[in-house]
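In order, the protein sequences belong to chains A and B.
Numbering follows my numbering, in which position 165 of the first sequence is assigned residue number 165; successive positions increment by one, without gaps.
Numbering follows my numbering, in which position 72 of the second sequence is assigned residue number 72; successive positions increment by one, without gaps.
No wet-lab data here; the hints were simulated from the structure.
Remember, it's a predicted structure, so these values are computed and weren't measured experimentally.
Nothing false has been slipped in among the hints.
Result set (DSBU-like, lysine-lysine): computed pairs, CA atoms no more than 30 Å apart in a straight line: (1) A:K125 x B:K81; (2) B:K226 x A:K466; (3) B:K251 x A:K511; (4) A:K125 x B:K194; (5) B:K196 x A:K125; (6) A:K35 x B:K196; (7) A:K362 x A:K181; (8) A:K518 x B:K245; (9) B:K198 x A:K169; (10) B:K66 x A:K466; (11) B:K66 x B:K27; (12) A:K169 x B:K196; (13) A:K125 x B:K198; (14) B:K245 x A:K511; (15) B:K27 x A:K466; (16) A:K181 x B:K198.
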Amino acid sequence: MTTTHESIAFDVLFVGGGPACLAGAIRLMQLARQKGLDLEVALIEKGADIGAHIISGAILNPTALKELLPDYLERGCPIEAQVNADAFYFLTRKKALRLPFIPAPMRNRGAYVISLSRFTRWLSKIAENLGVNIFTGFAGSEVLYGNGAARIVGVRTGDKGLDKAGAPKSNFEAGIDLHAKVTVFGEGARGSLMKTIGNRLNLYAGRQPEVFETGIKEVIQLPTENMFEDFGVNDIHLMGYPLDIETPGGGFIYGMGQGRMAIGYLVALGYKNPWLDPYELFLAFKQHPFVAHLIAGGRVLEQGARTVSAGGYYTVPRLYADGALFVGAAAAMHNPPALKGIHLAMKSGMLAAETIVDALEKQDITTRSLSAYRRRVDDSWVKTEMFAGRNFAQALAAGVPLKFIHLAVQQLTGGRGLRDPLPTHSDHTTLRPAKSRPAPAAKATVACDNTLMVDKLTGVYLSKTKHREDQPSHIQVHDPQLCIDRCLPTYGSPCTRFCPGEVYEIVTGEKDAQPYLKLNPSNCLHCKTCDIKDPFENVTWTCPEGGEGPGYKLL
Amino acid sequence: MEIVVLLKQVPSTESLVTIAEDGATIKTEDVNWIISPYDEFAVEEALRIREAVGGSVTILSVGPDKATEAIRTALAMGADKGVLVNDPAAVECDGLGTARILAAALKQMPYDLVIAGQRAVDDENFQVGPAVAEFLDIPCITLVIKEEMGDGVIRCHRTMEGGTAVLEAPLPMLFTTQRGLNEPRYASLPGVMKAKRKPLENKTLADIGLAAADFSQPLVRVTALKPPPQRSGGRMIEADDAQTKAAELVKLLHEEAKVI
Ligand SMILES: Cc1cc2nc3c(=O)[nH]c(=O)nc-3n(C[C@H](O)[C@H](O)[C@H](O)COP(=O)(O)OP(=O)(O)OC[C@H]3O[C@@H](n4cnc5c(N)ncnc54)[C@H](O)[C@@H]3O)c2cc1C
Numbered sequence: 001m002t003t004t005h006e007s008i009a010f011d012v013l014f015v016g017g018g019p020a021c022l023a024g025a026i027r028l029m030q031l032a033r034q035k036g037l038d039l040e041v042a043l044i045e046k047g048a049d050i051g052a053h054i055i056s057g058a059i060l061n062p063t064a065l066k067e068l069l070p071d072y073l074e075r076g077c078p079i080e081a082q083v084n085a086d087a088f089y090f091l092t093r094k095k096a097l098r099l100p101f102i103p104a105p106m107r108n109r110g111a112y113v114i115s116l117s118r119f120t121r122w123l124s125k126i127a128e129n130l131g132v133n134i135f136t137g138f139a140g141s142e143v144l145y146g147n148g149a150a151r152i153v154g155v156r157t158g159d160k161g162l163d164k165a166g167a168p169k170s171n172f173e174a175g176i177d178l179h180a181k182v183t184v185f186g187e188g189a190r191g192s193l194m195k196t197i198g199n200r201l202n203l204y205a206g207r208q209p210e211v212f213e214t215g216i217k218e219v220i221q222l223p224t225e226n227m228f229e230d231f232g233v234n235d236i237h238l239m240g241y242p243l244d245i246e247t248p249g250g251g252f253i254y255g256m257g258q259g260r261m262a263i264g265y266l267v268a269l270g271y272k273n274p275w276l277d278p279y280e281l282f283l284a285f286k287q288h289p290f291v292a293h294l295i296a297g298g299r300v301l302e303q304g305a306r307t308v309s310a311g312g313y314y315t316v317p318r319l320y321a322d323g324a325l326f327v328g329a330a331a332a333m334h335n336p337p338a339l340k341g342i343h344l345a346m347k348s349g350m351l352a353a354e355t356i357v358d359a360l361e362k363q364d365i366t367t368r369s370l371s372a373y374r375r376r377v378d379d380s381w382v383k384t385e386m387f388a389g390r391n392f393a394q395a396l397a398a399g400v401p402l403k404f405i406h407l408a409v410q411q412l413t414g415g416r417g418l419r420d421p422l423p424t425h426s427d428h429t430t431l432r433p434a435k436s437r438p439a440p441a442a443k444a445t446v447a448c449d450n451t452l453m454v455d456k457l458t459g460v461y462l463s464k465t466k467h468r469e470d471q472p473s474h475i476q477v478h479d480p481q482l483c484i485d486r487c488l489p490t491y492g493s494p495c496t497r498f499c500p501g502e503v504y505e506i507v508t509g510e511k512d513a514q515p516y517l518k519l520n521p522s523n524c525l526h527c528k529t530c531d532i533k534d535p536f537e538n539v540t541w542t543c544p545e546g547g548e549g550p551g552y553k554l555l
Numbered sequence: 001m002e003i004v005v006l007l008k009q010v011p012s013t014e015s016l017v018t019i020a021e022d023g024a025t026i027k028t029e030d031v032n033w034i035i036s037p038y039d040e041f042a043v044e045e046a047l048r049i050r051e052a053v054g055g056s057v058t059i060l061s062v063g064p065d066k067a068t069e070a071i072r073t074a075l076a077m078g079a080d081k082g083v084l085v086n087d088p089a090a091v092e093c094d095g096l097g098t099a100r101i102l103a104a105a106l107k108q109m110p111y112d113l114v115i116a117g118q119r120a121v122d123d124e125n126f127q128v129g130p131a132v133a134e135f136l137d138i139p140c141i142t143l144v145i146k147e148e149m150g151d152g153v154i155r156c157h158r159t160m161e162g163g164t165a166v167l168e169a170p171l172p173m174l175f176t177t178q179r180g181l182n183e184p185r186y187a188s189l190p191g192v193m194k195a196k197r198k199p200l201e202n203k204t205l206a207d208i209g210l211a212a213a214d215f216s217q218p219l220v221r222v223t224a225l226k227p228p229p230q231r232s233g234g235r236m237i238e239a240d241d242a243q244t245k246a247a248e249l250v251k252l253l254h255e256e257a258k259v260i
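The following block holds chain A by itself, in its conformation from the complex (with noise of 0.2 Å):
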């Protein structure tokens, strides 16, 4: 079957609704006012509305806000709260030990607790009411490339419509090729369309590879009566428990007023022992004492789970390309001592509209008008900040003590250390033979009240995520007789652990007694750990239906 796609073209388009993409829409629709100029500008979003699928802490850093929006305020901005103060603890199994100092890039005071998902929903207002045309519900499917393909000229959205075999069905709606002369892809921490991209031109040259972490988060309920508020602060750290030391990660808890509290737990997926499972991690967090009486009787009303580009500076790829710019969390714009990355993804939208602007009164769309956005950024305080923490991923990655020592003379050389770069590993190679590490007697650990503690399942159901089911699966196992022949004798098939859906199940057949990949793609949150950390790289994660996938309101 042919299908024919309908082309539209448009100035600029944007690829992602995070705050990257939005707040590049913002700056550029205000300059082609200040400048006189007609833009018409598309933006497409996977989501069925702006911030569907958007998860975060999240502590805001308002530098890229107040450049963007100085009467943020007067505007609206939903902020849940302001740091009080901070805290910082290490866990041991059962107490909590308070440190007496807060490193630096971690001083929040004065920083405001928000809700990504509500923030960007805000931003997207104000693009729209400058004349941007916002696509919810439209994945971008695949990059369109011109000029003997050495140019990207724009994206083709993803078919609607196909039954199970991939056959249209009455309803099908053909994906359409939007075309531009601009592209600016804002995907988030490893962008489907962007690791095609970073291969295809080879964006990742002279690069340290990316590596991620992933977040689970939950916003709870809490009573009327808890502990939380009467604690003082609302912006709590927590490293040690339950993470061995060798891994890095930690939990986060903010409080967001009204009672609401957002907690979180990260897991480093450089991660070596193959039984690690970042959900059973989270639930432990929960239950470890000090942070059970912070949390006793409240209910969570939504949970999500996303990875985060943690590497930093050196592993940011080349930005630009002939007709496209590269901005956010899909270029690895990230402060990992901060623990931050959405100003730094606001700025670098910013940064590219800028640069497009002129490229546009130029005419010139090519790399040598487009690289400029590389200079705007690293003339801007985001080299400054990201320069600053370039190192410290990798030294956390490192073994003990060696952890500490790369930290230590960071802290005292402004970021160089003994090493400068440290080399960074990529997350699919970091994983240890199963049997060298001791197999974790059963699975669930935690038992789960669904209320307070969720099992992965009510976790999904609490994602408010839906998929049809009649549809190809969206995530591409390769080789489906790799998992069994060479994974599961291998790793013991880390993709039932590591994955916060539980989409994928090592299941035995009825007849054969064999064990086979059962695949849930229905459960997927889009979070992209099984296309980072699959130590055989056998899984590609696609954009299934524009507009399925989690219905976050909260996170």
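Since chain A is already given, all that's left is putting chain B with the ligand on it; use the hints.
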């Protein structure tokens, strides 16, 4: 053919619905909103009829500002124009009140055919469609799974316990939809762009000749909402072979669940 679709915006079924402090309404702030699925069938069927015989499709809804999103979605699917009766006095309406409002709005516009969902999936009232037909004094056929348009008449296949019935009525008439009628189309991207420029009128009760005061006392009032009993997790029956599993299942269904 002038076709009017009655459409309601409702919380999506994935939304986590919590009961508000008053015990009789739900909290709406963190809810995702969609077109009631039966109304989506109505939109699709209206578009198919228009494609077959020509004419126009108007979306008519009663709701707050937010409901314009649902109407825009229907316009993006291909409907021609929208009318939203948006009046604070209409918010607390019962089913019959809503039907009176819709009927009053319909009296001001041309229509040959009115299509409504069999029910809105939030209140599950099943009243509005038939009541509108009654107020307009036109024929009504409910739970339609197939229709055939004739010359001035419509033939509808309607589900009933254990089979289907075929009914005929002269136009103008109203029918309500049943699952299986069609597979609604997606709002296409060009459709979304066009929808922005399609007419969408806001009307108050006064605009359609009704007095707000008449709606202050609904005939039926919700006094309490109660959540369904807590879901308890499923149980896996462990056994070596299918036969033992089946026997255990039958035993549990009989003795514990008491359903057989
Ligand atoms: C648990 C957790 C806690 C965090 N805490 C903090 C914090 O406290 N402070 C902080 O500053 N940062 C924090 N971060 C990081 C921060 O969330 C990210 O840096 C930020 O969200 C990046 O913004 P972005 O716009 O680049 O990408 P995203 O926010 O990921 O947005 C990308 C958007 O693009 C859409 N999209 C992706 N691919 C496609 C496609 N092909 N077609 C159409 N749409 C697509 C997605 O659905 C999504 O809506 C945290 C992250 C996590 C996961």
